[in-house]
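Enquirer: Heads up: the protein sequence lines correspond to chains U and E, in order.
Everything in the first sequence is counted per UniProt numbering, starting at 1 for the first residue and increasing by one.
Everything in the second sequence is counted per UniProt numbering, starting at 1 for the first residue and increasing by one.
Hints may be right or wrong, so weigh each one.
Derived list of chain U stretches under chain E, where covered just means 3 residues or more per stretch with a C-beta under 8 Å from a C-beta of chain E [said to hold, decoys possible]:
#1 3-11
#2 25-39
#3 154-165
#4 238-247
These are computed hints drawn from the structure, not numbers from a lab.
By construction, the Cβ of each residue, glycine as well, lies at the ideal position given by its N, Cα and C atoms.
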Amino acid sequence: MIRIISILVGLFFTVALAWSFGNGAYTAITEPAPVTAEHEFHKHPKEVHFASDGAFGKFDRQQLQRGFQVYKEVCSACHSLSHVAFRDLTALGYSDAEVKAIAKGFQVPGIDPNTGEAAMRPGMPTDYFPKPFANDIAARAANNNAVPPDLSLMTKARHDGGKYVYSLITGYQPQPAALLKEFPDAKTPPGLHYNPYFANLNLAMAPPLTSEGQVSYSDGTKSTVDQMAKDVASFLIWTAEPKLEKRKQTGWPVLGFLLFATVLGFLSYKNIWHDKKKQLHS
Amino acid sequence: MSFPWAQEYKPANAFTQWVDERLPLPRLVYNAVGAGYPVPRNLNYFWNFGILAGLCLGLQIVTGIILAMHYAANAGVAFDSVEHIMRDVNWGWMLRYAHANGASAFFVVIYIHIFRGFFYGSYKAPREMVWLLGVTIFLLMMATAFMGYVLPWGQMSFWGAKVITGLFGAIPLVGEPIQQWLLGGFAPDNAALNRFFSLHYLLPFVIAGVVILHIWALHIPGSSNPTGVEVKTESDTVPFYPYFVAKDGWAVGAFAFLYCLVLFFFPNALGHPDNYIPANPMSTPAHIVPEWYFWPFYAILRAFTADFFFIPAKLMGVLAMFSAILVWFFMPWLDRSPVRSGAYRPLYRKAFWILVVDALVLGYCGGAPAAEPYVMISQIASIYYFAHFLIIVPIISAIERPDPLPYSITEAVLGKDENVPLSASPTAPFPGTQHPNAHGHA
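Let's have the full structure, built from the sequences with the hints guiding it.
Expert: In structure tokens, the structure reads:
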């Protein structure tokens, strides 16, 4: 009885699935899914190496400082960095005094100590990076109806994070003629910018890094667009995971200990079972 | 509760004797995971996964309790509080990665544990109750994992909650009120987040309770083994301590090594980048996918694309997705073969391995976008999935000719057993299934 019921239930599901399959197959043949411009022209991020990559990867402090400078002088005009506090910058190799000075350079929202009214005041190390716009509506109004996303977690919120940021910044180009030939409707709308590394190819952000020397590095590094893009991508890898170095450094002794303990455990297992594998009576 | 030759607990000194007479807890432990529990000597490494699952549960509870000290279950600040844990809480990043990857590790272990049960017929008499409780634990785990994934309140948290609670909306007539009742609103918001947090904290302890019943039920007949032949004499078993404590010990080490490898070097490999974007009800992600351990079931849900007579496609998908797990409850009665172990069942063994491949294919399609060819592949794979449990296994168990079984575990291990009675022919059809409680032939 139970077998008959089960076979009937089984037939119910399998026939319903076969029906769905048949319908889908029919649609796939009669109305094949259209190929989209995104599908054909979207590119995977470029290959680029960061000092923090790999199991032994460490941040390059000089590069992080340069990347921070690019963020401060270019990106911060539109993008917030809301999970990072000025105090965190000591991890970039800045001294406490330098961090204090950096914080002072930013105006953060505060309260006037005399009137109690909202006012701006110079930042302190305990403050977080201030937002460039008061709210999303203000951000939209200033940016062609797009909200510039917060950058703190950007490299973890996209596949191949660091590579993606680097590719996107350096990936602006004129829309290929082949694309327009194949998809005449896919012309980049006015106010947007073609970038094959962006998911839907057209991005509201104008190319942020356009000319060599846009940021002047104090450490003598030549600030080419490529270099600045790499530096700011490295900086954003740090902002997304400031504990990355500590994580990898902790991992090695942990794995070493576990390997040692497991080998000991295996040997004691072999030792304890020695007689059981051979003799009939224990 | 055990075999007659099981060693008896003897208090070592006056103090333990005093305790034993008043609260025989050490005796209980001794009989459960000590020298007082005789275990088949031929268990292979697939029998280590029960302990590993228990370890994962413990790990999740410990890391989870500490995370809850720093997490804030409020839609306004939940995402930021998780970042606070990652950045400012001492070793918070390690706790969170341990917990997030701990869920994955738990499911890896539990899937191996369940498929061990499928291959070796662990669900068969007299262990049906162990199996039923096990499937219950799996269902509770899925609920717990789903609600836990909502807590960081990222994009996938929000949209995952929306999709999964939306499934209840497929129920005719009462679906929508049920969905709103579950969420405490029309869409996932603070009310849903709060109750999910409350339940996410509660359910692991319910799981722990069912785990105790699961182990209790297991200790009534004792552990199964790769031959499926029941224990006959003392030479078939070894005491749990020290033999299986040693074996489990090094297996725990190997497991911890692999787990820490992921935790410290690939902590985000199993997660979705979109969950590092704060939840935004106004922006739907390009592909809404659950965590990897739900992918096979998600593929089954999405395989139903056409209405079936008067049943809407969505309702069919929901019915099928839940049935895909509920059908496991019926395994002891769907598979009536008197031979327990797949090692002696040529037809069942083939069907089993097809099921393994099928589940992997379903998993792959469940993580892929809902587009062709993935939908058509998941339709074919879902057909096999249901056919396997509901049609193929019942038929196989009626027509299959099993291979000859060894007389005993001892014979299987050593090639000979001095206890073989003269009357027992080594090629007797099913000598291994003569358990006093075994049912007759189907």
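Enquirer: Each hint should be assessed against the structure and marked as holding or not.
Expert: Hints, one by one, checked against the model:
no.	hint	in the structure
1	3-11	holds (count 6)
2	25-39	holds (count 3)
3	154-165	holds (count 5)
4	238-247	holds (count 6)
Hint check: no violations occur; every hint is consistent with the structure.
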